[in-house]
Each structure stands twice: as structure tokens, then as C-alpha cells.
Amino acid sequence: MGATPRDKRMSIDEVVAELRDGMTIGIGGWGPRRKPMALVRAILRSDLRDLTIVSWGGADVGLLVRAGKVRRLVYAFVSLDSIPLEPSFQRARQLGTIPEVVELDEGMFQTGLRAAAQRLPFLPMRAGLGSDVLVNNPELRTVTSPYDEGFGHEELVAVPALRLDVALVHLNRADRHGNAAYLGPDPYFDDLFALAADRTFLSVEQIVDTAGLTVDSPVQRLLLSRMHVDGVVETPHGAHFTTCTPDYERDERFQRAYAAAAGGSDEEWAAFEQRFLAGDETDYQAAVRAFHEEQS
Amino acid sequence: MTQPDTPTADRSPARAEVCAAAIADAFAEDGEIFASPMGLLPTLGVRLARLTSNPDLVISDGESLFLAGTPPLFAKADVVEGWIPFRRVFDVVANGPRHVMMGATQIDREGNQNISAIGPFDRPTRQLLGSRGAPGNTVNNRTSYWVPRHSPRVFVEHVDVVSGVGPRRAREAGTAASRFHDVHRIVTDLAVLDLGGPDGTVRLRSVHPGVAVEDVVAATGFALAVPDEVPTTREPSAEELVLIREVLDPKGLRFKEVPLPSPTRESR
Numbered sequence: 001m002g003a004t005p006r007d008k009r010m011s012i013d014e015v016v017a018e019l020r021d022g023m024t025i026g027i028g029g030w031g032p033r034r035k036p037m038a039l040v041r042a043i044l045r046s047d048l049r050d051l052t053i054v055s056w057g058g059a060d061v062g063l064l065v066r067a068g069k070v071r072r073l074v075y076a077f078v079s080l081d082s083i084p085l086e087p088s089f090q091r092a093r094q095l096g097t098i099p100e101v102v103e104l105d106e107g108m109f110q111t112g113l114r115a116a117a118q119r120l121p122f123l124p125m126r127a128g129l130g131s132d133v134l135v136n137n138p139e140l141r142t143v144t145s146p147y148d149e150g151f152g153h154e155e156l157v158a159v160p161a162l163r164l165d166v167a168l169v170h171l172n173r174a175d176r177h178g179n180a181a182y183l184g185p186d187p188y189f190d191d192l193f194a195l196a197a198d199r200t201f202l203s204v205e206q207i208v209d210t211a212g213l214t215v216d217s218p219v220q221r222l223l224l225s226r227m228h229v230d231g232v233v234e235t236p237h238g239a240h241f242t243t244c245t246p247d248y249e250r251d252e253r254f255q256r257a258y259a260a261a262a263g264g265s266d267e268e269w270a271a272f273e274q275r276f277l278a279g280d281e282t283d284y285q286a287a288v289r290a291f292h293e294e295q296s
Numbered sequence: 297m298t299q300p301d302t303p304t305a306d307r308s309p310a311r312a313e314v315c316a317a318a319i320a321d322a323f324a325e326d327g328e329i330f331a332s333p334m335g336l337l338p339t340l341g342v343r344l345a346r347l348t349s350n351p352d353l354v355i356s357d358g359e360s361l362f363l364a365g366t367p368p369l370f371a372k373a374d375v376v377e378g379w380i381p382f383r384r385v386f387d388v389v390a391n392g393p394r395h396v397m398m399g400a401t402q403i404d405r406e407g408n409q410n411i412s413a414i415g416p417f418d419r420p421t422r423q424l425l426g427s428r429g430a431p432g433n434t435v436n437n438r439t440s441y442w443v444p445r446h447s448p449r450v451f452v453e454h455v456d457v458v459s460g461v462g463p464r465r466a467r468e469a470g471t472a473a474s475r476f477h478d479v480h481r482i483v484t485d486l487a488v489l490d491l492g493g494p495d496g497t498v499r500l501r502s503v504h505p506g507v508a509v510e511d512v513v514a515a516t517g518f519a520l521a522v523p524d525e526v527p528t529t530r531e532p533s534a535e536e537l538v539l540i541r542e543v544l545d546p547k548g549l550r551f552k553e554v555p556l557p558s559p560t561r562e563s564r
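Top line first, the protein sequences correspond to chains V and Y.
Be aware that the first sequence starts at 1, since it is given in our numbering, and climbs by one per residue.
Be aware that the second sequence starts at 297, since it is given in our numbering, and climbs by one per residue.
Hints were generated in silico from the structure; no laboratory data involved.
Do not take every clue at face value.
To be verified - One-sided and incomplete, this derived list gives chain V residues near chain Y with beta-carbon spacing under 7 Å:
hint: 1; residue: Phe77
hint: 2; residue: Glu149
hint: 3; residue: Phe151
hint: 4; residue: Glu155
hint: 5; residue: Ala257
Cβ atoms here follow ideal geometry from the backbone N, Cα and C, with glycine treated the same way.
Build the full structure now, drawing on both the sequences and the hints.
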């Protein structure tokens with residue numbers, strides 16, 4: 001007795017130390033929802049560059065492209081929901097500062113991750129046919145069905161596998177071994193990101209005992225198994241300013257401040273960066289608390 | 297911010313209310329499918345349809361829950377009848393029992409839609425959302441569009457990026473793209489349109505009360521197919537007006553999207 005699985009607890013900086021220039025990084029969550037923002041902020045502080053980012057995008061994409069970290073961006077949309085257009089992403093696209101963009105249909109994205117998760121080179125799909133997704137991504141190919149079900153040999157999009165070097169995801173709870181649960185209404189695709197990636201680093205609101213994972217939550221909420229997780233970081237409010245239901249909802253007031261600065265002058269953005277992004281995660285959370293005290 | 301006065305039931309329908317009923321009509325014959333409205337007026341119209349012409353519609357909270365009831369706009373609580381996280385939305389899209397009403401920054405004569413970017417794709421003059429689910433929606437399930445401000449900036453000869461696929465592009469892409477292609481209605485603040493024109497082009501179906509056919513033609517940046525006789529969009533019934541004004545949108549949020557005429561210009 002006494003033999004237990006590995007303890008995978010790490011610090012934020014230890015996670016970032018595992019990343020390399022040029023890596024393909026998948027970022028979990030969805031738009032402005034349950035994004036691993038503390039890990040994104042840590043990448044902003046690092047010297048990492050030339051990253052390929054794969055994300056159903058929100059401010060994670062905005063911040064990384066604004067910081068010039070992204071060589072290639074794979075996305076279907078970038079949105080803050082309550083603010084439809086992400087100002088940093090919009091600015092980067094209009095200035096042409098993202099060297100390579102791959103804009104997919106949002107369902108193609110899931111199919112690409114599924115192909116990677118199943119170690120397949122592609123999966124067939126209807127989405128994309130007839131649209132400029134195929135025109136603007138000339139590397140995308142179609143595949144003809146060997147079967148005729150009465151509609152001829154259908155020609156479908158061969159969605160290529162979206163293979164990831166690393167997946168970064170944020171969930172509500174995990175144990176030290178990497179078993180993890182979401183507690184909100186939507187798992188998004190964080191399990192799929194983990195399956196599509198060589199390695200997955202997970203941040204969570206709280207690390208609990210393994211037994212604690214199912215004390216007050218149905219077993220179906222256990223989204224990630226430790227066999228697909230390489231490191232676990234406890235980062236309270238680590239999804240801020242995106243949602244992390246039910247631990248907290250989106251910080252709309254802060255998001256508005258972010259969007260105003262990102263869509264404003266260079267000086268306004270520099271002031272936002274100086275105030276919120278110059279220090280470490282502890283400094284960030286303290287600056288956010290001060291921001292709210294000021295606003296109340 | 298001041299709220300505009302909500303018209304009382306004895307006053308004639310406002311344009312926003314005509315639009316809501318026209319949107320409801322787009323979903324009236326859909327049967328038991330997932331109605332996916334994007335934005336405020338489409339949500340109002342879908343819920344109106346569910347309370348009147350099509351009680352079998354399946355509706356969600358716009359996040360991850362199917363709702364058993366038909367709550368007012370932005371109401372938080374209702375009885376839940378199912379789970380529709382994003383991953384399952386993609387399953388329903390591919391499976392087909394869904395009618396989405398999306399917005400459109402541009403729509404062209406051939407019914408292609410753009411929500412991705414304005415200008416050249418490599419370096420847009422204005423980056424928008426990205427293509428989102430538009431490519432998949434248009435080749436998989438019934439799709440309609442809502443345009444709150446009908447203008448030549450929206451209705452253009454050629455969209456800059458084809459996010460939503462029109463009939464000709466679907467046909468040219470082959471059977472796999474055209475089998476389930478079904479762009480149903482385009483509802484605007486001036487008119488109801490469809491793709492029943494020559495070779496699947498945009499056609500005028502009806503003009504809203506108080507709008508002339510010439511107004512719609514002038515506000516459309518391409519040659520619109522106009523039938524010899526263009527009916528007037530029906531006015532909402534008294535029951536529908538009560539549902540819109542007192543049940544679904546008592547705060548008058550619809551007027552933020554389709555404003556009431558300003559009092560100085562009102563002819564009544």
C-alpha cells in the first residue's frame with residue numbers, strides 16, 4: 001500500500017519553462033469563457049516567440065497577438081461576447097502583424113482536434129464546402145467518398161488534424177495527479193485539446209483530494225483523466241477576466257476596461273499593460289482588486 | 297439612458313414588432329427542430345413563434361441549456377429540458393434538425409454572407425468576428441439572416457469574404473454541399489427577402505407597412521429580383537402584440553435595434 005500516482009503539481013513559471021519558441025499551443029475554453037488566463041499572462045511575461053496558437057479565441061488571442069508572440073493563428077472567431085469584436089485581435093489583423101492566419105469554421109476546429117485526438121491525418125466534413133475558408137486556406141483539400149449512398153461519391157472537406165505540442169486548459173477542480181472536473185454548464189472542448197496534444201498543462205481554481213472531486217459533484221463532471229495531464233497548477237481566479245462558472249462569472253467591468261485600453265491609443269494600452277501585466281500573477285490579482293475598489 | 301415609451305396595445309404596430317412577427321413566420325413551419333437565433337430581434341421572433349405558430353420549437357438560453365418554457369428576453373431562470381453544450385451544437389448542425397438565424401455584415405446578390413472581415417482577407421480594412429459557424433451552418437441546416445439596417449453597405453454585389461454559402465456556390469461545390477443547403481429568409485428592417493430570384497438570387501418577398509418597393513430597391517446595392525406584385529408584410533396580431541409588449545420584451549429592448557420614429561417626424 002501507499003503507492004500513489006505521480007504528484008504533478010507545478011508553479012505557473014514551471015509550466016512556462018516547459019514551453020519553447022515555435023511550439024503549437026492549443027488554448028482551451030471558448031471565446032471569453034474559462035480561458036487559462038493566468039497561463040496566458042505568464043506567456044506574456046516570458047521571452048517565448050513564434051508560437052502557433054490554436055484557439056476558439058477570446059482575450060487570450062488578443063493579448064498574445066498584441067504582445068507579438070504569435071507567428072501563426074488558427075481560429076474560427078475571436079470575440080469577447082458582450083463586446084463582439086476583440087480590439088487587440090482586430091488591430092493586429094488590420095495592421096497585418098500576425099504573419100500567418102488560418103480561419104476555419106468553428107465546427108471544423110472540433111473535427112481537426114478530433115482527428116489529432118484519434119491520430120488520424122484528417123476527418124471528412126461538410127463544413128467549409130463552398131465557403132472562402134477553402135479559398136483562404138489553399139492547403140485544405142477535399143476527399144471523395146468511396147461509397148455512393150445514392151447521392152454520388154460525395155466530395156467532402158478533409159479537415160486536417162490539428163496536432164498540438166501543448167494544450168493549456170483551466171478547470172474548476174483537480175487532484176494533484178491531474179484528474180479534473182468542470183463545475184459549470186459546459187465542458188467546452190478541454191478534453192479534446194488534451195487528447196490532441198503531446199502534453200497538457202492544467203490550471204485549476206482549487207486542488208483537492210481525489211475523493212473531494214466527487215463529494216459534491218456528479219462523476220460525469222470529471223472531464224480529464226490524469227493519463228492525459230502532465231502538470232497541475234493551482235491558480236485561484238486563474239481564468240479572470242473570463243467566466244469560470246460557478247466559481248465566478250465574467251468580470252464585465254474589467255473586460256470593458258481592457259477593451260477600452262486595447263481599442264484606444266498606444267498610451268492607453270501602455271498604461272493598462274503597466275498597471276496589470278507588468279508584474280507576476282499575484283501582482284495582477286492585486287491590481288484587479290485595487291481596480292474594483294476604485295470603481296465601487 | 298431613457299427608455300422609449302412602449303406603445304400600448306391599441307396603437308398600431310411599430311416596425312420592430314412587424315420585424316419580430318416576420319422572423320416568427322420564418323420559423324412557423326419548422327416543426328420540432330432547434331431554433332438558433334443570433335441576437336436580439338431573432339431571439340424575440342423565435343420566442344414569439346414558439347408561443348404562437350410553432351410550440352414544438354426547441355429553444356436554448358443561448359449558452360448550454362434547452363429551455364422548457366419561453367422566457368422574456370434576458371430572463372435568467374426557466375425550466376430546463378435539455379443540455380446543449382457547444383460540442384452538442386456541432387452534432388445538431390451536422391445532423392440537421394436546426395434553423396439558425398445569423399446576422400450579416402454583408403450579403404450579396406447570390407446570397408453569400410460575410411461576418412469575417414471587410415476588405416482583403418490578408419489585411420482587412422476591418423476585422424470582424426471571423427467566419428464562426430457560418431460555413432458549416434449553411435451547408436448543413438436551414439439558415440436565415442437578420443439585417444437590422446437594410447442598406448447598400450450590407451447588400452453588396454460581392455461580399456468580401458464568403459462565410460455563409462449561397463445557393464450557386466453550394467451547387468458548384470457539389471452534392472455534399474448542396475444536399476442540405478437551405479437559405480430560407482432574409483428579414484430586414486424594411487422587407488422580407490429570400491433566394492427565390494433567377495438562379496437562386498435575392499428576391500423581394502414583401503415590404504413592411506409604410507415601406508415602398510422603391511425604398512428597398514434603393515437600399516439594396518445590387519439588382520434585386522422584384523416580382524410584379526409585392527405584398528405588404530403582415531402586421532402582428534393583437535395577441536402577438538401583447539406577447540411582444542407585455543411578455544417577451546416589456547422593457548422595449550427591440551427599439552434599440554429597430555428604433556421608433558422620432559416624435560418630431562412622427563406623422564400621427
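Could you check if alanine 257 of chain V really has its C-beta closer than 7 Å to a C-beta on chain Y? 20 Å, violated
Answer holds if the nearest beta-carbon of chain Y is closer than 7 Å to that of phenylalanine 151 of chain V; otherwise answer violated. 5 Å, holds
Restraint satisfaction for glutamate 155 of chain V [CB to CB of chain Y, less than 7 Å]: This hint holds: glutamate 155 of chain V lies near chain Y, its Cβ roughly 5 Å from the closest one there, short of 7 Å.
Would you settle whether the hint for phenylalanine 77 of chain V is holds or violated, based on the nearest Cβ-Cβ distance to chain Y being less than 7 Å? This hint holds: phenylalanine 77 of chain V lies near chain Y, its Cβ roughly 4 Å from the closest one there, short of 7 Å.
Does glutamate 149 of chain V hold up as a contact with chain Y if the rule is Cβ-Cβ below 7 Å? 10 Å, violated
Checked against the numbered hints given earlier, this structure breaks hints 2, 5; the rest are met.
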